[in-house]
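Asker: Protein sequence lines, in the order shown, are assigned to chains A and B.
By the working numbering, the letter at position 377 of the first sequence is numbered 384, and the numbering carries on one by one without gaps.
By the working numbering, the letter at position 27 of the second sequence is numbered 135, and the numbering carries on one by one without gaps.
The set of hints was computed from the structure by calculation and includes no laboratory data.
Owing to the predicted nature of the structure, the values given are computational and were not obtained by experimental measurement.
Positions of the beta carbon are idealized from the N, C-alpha and C atoms, including for glycine.
Incorrect hints may appear among the rest.
Far from chain B, some chain A residues (derived; all Cβ distances over 10 angstroms) [what the hints assert, rightly or not]:
#, residue
1, P104
2, P133
3, P215
4, I331
Simulated restraints, written as ranges between beta carbons of each label pair [to be verified]:
#, chain 1, residue 1, chain 2, residue 2, range
5, A, A22, B, Q178, 21 to 29 angstroms
6, A, G101, B, E177, 39 to 47 angstroms
7, B, Q192, A, V35, 56 to 64 angstroms
Here chain A is said to cover these stretches of chain B; the calculated rule only asks that three of the stretch's residues, wherever they fall, bring their Cβ under 8 angstroms from a Cβ of chain A [to be verified]:
#, segment
8, 109 to 122
9, 143 to 150
10, 219 to 229
Chain residues, written in single-letter form:
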Amino acid sequence: MADDLALVLALVVLAVTLGVAVARPPFVSEAVAALVGAVLLVVVGAVSFSQAVHAVRGLGSTVGFLAAMLLIAEGCRREGLFDAMGALMARGAGGSPQRLLAFVFVIAAVITAVLSLDANVVLLTPVVFATAARMRTSAKPQVYACAHLANSASLLLPVSNLTNLLAFHASGLSFLHFGALMALPTLAAVGVEWVVFTRFFAVDLRRPRRAGKRPARPELPRFALVVLALTLAGFAASSLVGVAPVWFAAAGAAAITLPALVRGTATPVRLTRAVEPGFLVFVLGLGVIVAAASANGLDSAVRAVLPTGGSLPDLLAIAAISAILANLVNNLPATLMLVPVAAAAGPGPVLATLIGVNIGPNLTYVGSLATLLWRRILRAEDSDVELGEFLRLGALTVPASLLAATVLLWVGLHV
Amino acid sequence: MRALIWIIEDTWQATVSQAAAFRPADADITLLHVTNTEPETLARAARRGLLGRHQPPTGAPEPLQAISEQAAQALLADAQNQLQRPAALQARRGRVEQEVITAAEPMDILILARDGDHQHLGPRSLGPTARYVVDHAPCDVLLIWPDTTPSLTTIPPPPPADAKPR
């Protein structure tokens, strides 16, 4: 098959797959769309069977890692970790909305970094919402903070964001080294969010309030915290003991899941749903589709645009391009397209790419401009969000966060 | 006389006690709370940004809506207790400023608290929501300070007399 025709076909399949994932029509799931698209591209010869197998094999351990982390997050929910976090915030806030925001920042950043942005969006955000309602203060700054930190704080560890997991192997870094290089950029990104949020929401955070009862000290779920701590320690030690981090994730998932299965507090159906099998298939299919596009010319197009040096201007350009691409096509496909090219240039460009694809989606509340446009075209029911306000918040935080995080990445690479 | 008292989360207690001091004894009082649905919509939209992960089954009940509806009812009930006289309770959801002026239409007077800077006299003592409500209210308005009323000294000094107009 001619390269140009194959490239066009691969890009069309990619667009349709993403369209299905975003629009979620009732008659076809994103997993089926990605699978059909991938098979079609193999059948017409846009990507060879061995290339497709190579792409799937490359993603296999990433998908396994993701599944294990999803099981750990589900275990933490079952053990009551997120409710305990809500009680901790309420007690720490002591009736002050601004202090509540500080606790939300710290807890949302830690949950995102350790248990991934999914755990923040799906499990923590409802708890934060309920905590604000119970405290009788505006939920808006608190929920906006969760949404923003799900992206900004997801730089820190390979497990914080699926994009990081996809790039972790290619970066050639150990778990600990990855975290050490991303620590300052994460702090910078979260710090920018704090400065902008406390000014943007100053009116909501400083209303006069009458003191209420101080909530009781919450009972922390010790078992879940011990499993989490041991899993993290395993990640940190993985390169020293020569065992891949995915095995520690699997051990953590088993440790938190098996006792619950024996006790009957977790059911196989609920666990299967927590692992998101449909989404795992979607990631594998997406990997094959992007491999087809890359093999037929997208790769060289990316190489022509993306700088490959480790200088500060190069890293800034990489972060900016990645943020733009993440907004054009969503951050997962953007990562799959950019990381192979960036990886050839070393860990610095890979991490700059991640800064771009992770922080960039804060420009919009649904993760990318492409998604936003899709949903507006389809007249989805999101119209009552004051769009202008969220976009203004993104415009205030994203460029500053990208700049601060990338500069500190560059500093970290040179000490 | 029909009086509408609009309360918001942070300042509801002060609003109710101040309103109780002002209202005529024979007024028909309605207590109003409006839930801003924006945080719920944002939380739902953020989930959609996960590209197909963790989608609730179609037709599943909205858990956040249940939380905020319950919280609004509890807030109105506590406000009525504090008012210590019968009042109609009204809970609305949506764009707050629109819902308030709609609820105010059949009323003679709307009582609300300033929702901005509570330490200085001046235009910033009204946030965008209360500003819209005051500007568009289809009835009389009683605007109260939810705290100690700031003194005249909190107004910045006027520009010097010889300053050239810009």
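Asker: Indicate, hint by hint, whether the structure satisfies it.
Answerer: Structure-based check of each hint:
1. With 10 angstroms as the threshold on Cβ separation, the claim that P104(A) sits away from chain B is violated: the shortest Cβ distance comes to roughly 7 angstroms.
2. Residue placement check: P133(A) does not keep its beta carbon more than 10 angstroms from all beta carbons of chain B (closest about 6 angstroms).
3. For P215(A), the non-interface assignment is contradicted: its Cβ lies about 4 angstroms from the closest Cβ of chain B, within the 10 angstroms cut-off.
4. Every beta carbon of chain B lies more than 10 angstroms from that of I331(A), the smallest distance being close to 17 angstroms; the non-interface claim holds.
5. In this structure the supplied range 21 to 29 angstroms is violated for A22(A) paired with Q178(B), their Cβ-Cβ distance being about 43 angstroms.
6. At about 27 angstroms, the beta-carbon gap between G101(A) and E177(B) misses the expected band of 39 to 47 angstroms.
7. Between Q192(B) and V35(A), the C-beta spacing of about 59 angstroms keeps the proposed range 56 to 64 angstroms intact.
8. Residues of the segment 109 to 122 of chain B with a Cβ under 8 angstroms from some Cβ of chain A number 7, which satisfies the need for three, so the listed coverage holds.
9. Counting residues of the segment 143 to 150 of chain B whose beta carbon lies closer than 8 angstroms to any beta carbon of chain A gives 7, which meets the minimum of three for the stated coverage.
10. With a cut-off of 8 angstroms between beta carbons, the segment 219 to 229 of chain B has 4 residues touching chain A; three or more are needed, and the interface restraint holds.
In this structure, the earlier hints numbered 1, 2, 3, 5 and 6 are contradicted, and the remaining ones agree with it.
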